Structures are given as structure tokens and as C-alpha cells.
Amino acid sequence: MHDTLPRLQQTDFPAITRHTLQIVQVNLGYLCNLSCSHCHVNAGPKRTELMDKATIDLVLDFVCKHNIHTLDLTGGAPEMNPHFKYLITKARELDVNVIDRCNLVILQEPGYEDIAEFLAANNVEIIASLPCYLEDNVDKQRGKGTFNASLVALKKLNTLGYGQPDSPLKLNLVFNPQGTNLPPEQNALEQAYKKYLQEHYGIVFNQLFALANLPIQRFGSMLISKGLFNDYLQLLKDNHREENLDRVMCRNTLSVDWQGYVYDCDFNQMLHLPLGSHGMATTHLSALINDSLKDATITVGQHCYGCTAGQGSSCGGALQPHNTALA
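Going left to right, the sequence shown walks through residues 34 to 360 as this note's numbering numbers them.
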């Protein structure tokens, strides 16, 4: 796989600093039951990296110490970490909101059939990847049969109350473009998703998050192989919008990898770019127990244009109101 970091480190991206820390995003490991073409983690069934219980306890200590309101769990497939349920149970005891970034297919895998009920019982918000509402497009991006498996999972979640009107159980879906385009306008796409999934499958959900593909890891390597890397990066830069800078996720989120090392965002984690505030090769979460990180410098690179292009892109979807036209 091609290394994208040398093409991204020299940057003219604007300097930015942190706001108050509100969200800790934890990568529980790179093990996954899928190998999606757009995956910026390069996760898959052969990966062995998994966060251990001692590190999970450290995460819980940090969350408690800093009064963090949201714990955002990702991977790989976070459900495949053997301490997944333990972490959620303890976090909910602290009255922390928990997000599970779920690929849906995992809910049908042997040994994970009870995960959906567990998530519902603990009022865990689910952000589920469904890169399109058409079978051929999803299977092309994620593997044959994944679309139908995702539908089965969504119907099960709906039965449990997820995504239903007036239910506290939140079910949000994630869209990623298949190729070298920016995501379409999020609100219009959400309405198209809702209409199609309701009419064809009786499936409902709360919100759709439209995320841009960043030129790193598996997707970035594909761009290099096809000679499209520079063109895609130029597309991101041409559509950069200053007004998105104040709302990018690195302002209020800290990313923690499976070993407990910390980064300004999940994308920097995958590039092994050090936390901007400390200027060290690596910083461990244990070194930040008494550090609020407020006003700390954020490490940036050319890939950061992926978060500020057009309507903007973050873990919570577009950064701009739905009626704002793209550049």
C-alpha cells in the first residue's frame, strides 16, 4: 500500500487551536469483519490490534477526570474488542453519552447476535455506515452481500426502537462518496435516503451524515495507484471554506488509538501525526490526565482540507447549514 504521509506533511492549511474538550473518540482496534474500499483505517479481518482492559480503564479515568460528555467508539469494528461491553457499561454508569460507530454487518456475525439488544438496553447512539441506499453500490464498496446484511441489521434496530419517532434510541447513517467527488448536499441526500429506505424496506432512521473521503490509508493509496491523488487534493483545496474552520471535529475532540496514544483527530492517528500541543513523537493518554488541552495547537496537514471543503465534513457530518450552497 502506498504511503500518503510524504504528500501531506508540507501544508499551507491554516493554523488552528483547540476549544474546550468535549468528546473522546476511542479506536478500540483495527480488527474488522469487513475491508471497505473507502476505509481510512485500513481495517480488516486479519488485523490483530485491539485495546486492552488496562487502557480502557485509563480512558474511563480520563473521561471522569475531565467531565467528558461523549465517548465515541470506533475501529475497525469496535464491537469485536473483547472489552466492548465493559467499556460501555462503565461509561453509562458515569452518565456519559456513548456512540457506537457500527458497520451493521457485525450485528449478524456469529457471536455478536446480542449486540443490538445490549446497545439498546444501554441507550447507546448508533452511527452506522451505509454508503449508499442501492445494493450494487454498497456491495462494490464494502463487499458482496453487505447491503442485504445491513438491511437485516437496520430492521432489527428499528424493531428495538432505534430511529423511531419519539424514541430516545438514535440511529444515524453515514454516507461516503464512492470515488473522487465531494459529498452531495447533506439534507437533500438525507431526504432521498429516508424516502427510498422507507418505501422499499420500511426502514427509518434519524439523520444522515455525509462524509468526505480523505486521501489517506486505503483510499489515498488507491488514488496514488490511479494517478488521481494530486487532482483529488486540488479538489479539496479549491473548495476550502474558512467558515468551516471553527467547527472541525479536532477543535473539541481527542482521538485515542488502541494503545492509548493520543492524536488531534482520527485521521492524524492513521497518519501517526503527533498531538500538536506536545510536539513529541507520541503522547500517551496517561500524560494528559491533568491537561485540559484548551487553546493547544492542532497538528494539520494537506488532508485537513477534506474536512473544510464544501459543506464541510466531520464525524457528525456536514458542518454547514443545509441551505448553504457549495463553492
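Bear in mind the hints are in silico, worked out from the structure with no lab data behind them.
One thing to keep in mind: the hints can contain errors.
[Claimed, not checked] Straight-line alpha carbon distances no greater than 25 Å define the calculated BS3-like cross-link-like pairs of lysine-lysine that follow:
1. K79 - K98
2. K189 - K177
3. K123 - K228
4. K227 - K259
5. K228 - K189
6. K228 - K259
7. K173 - K123
8. K177 - K123
9. K86 - K123
10. K188 - K173
No experiment lies behind these values; they were computed from the predicted model shown.
Against the structure, the hints:
Only pairs whose Cα atoms come within 25 Å are accepted, and K79 paired with K98 is rejected, the gap being roughly 35 Å. A hinted pair counts as satisfied when its Cα atoms are at most 25 Å apart, and K189 with K177 qualifies at roughly 21 Å. Between K123 and K228, the direct Cα distance comes to roughly 37 Å. Violation of the 25 Å bound is thereby established for this hinted pair. A threshold of 25 Å between alpha carbons decides the hint, and for K227 with K259 the separation of about 34 Å lies outside it, so the pair is violated.
Straight-line distance between C-alpha atoms of K228 and K189 comes to about 19 Å, which keeps the hinted pair within the 25 Å bound. For the hint pairing K228 with K259, the CA-to-CA distance comes to about 35 Å; that exceeds 25 Å, so the pair is violated. For the hint pairing K173 with K123, the CA-to-CA distance comes to about 38 Å; that exceeds 25 Å, so the pair is violated. Among the hinted pairs, K177 with K123 is inconsistent with the structure: their alpha-carbon atoms are about 36 Å apart, more than 25 Å.
The hinted pair formed by K86 and K123 meets the criterion: a straight-line CA distance of about 12 Å does not exceed 25 Å. Between K188 and K173, the direct Cα distance comes to roughly 22 Å. Compliance with the 25 Å bound is thereby established for this hinted pair.
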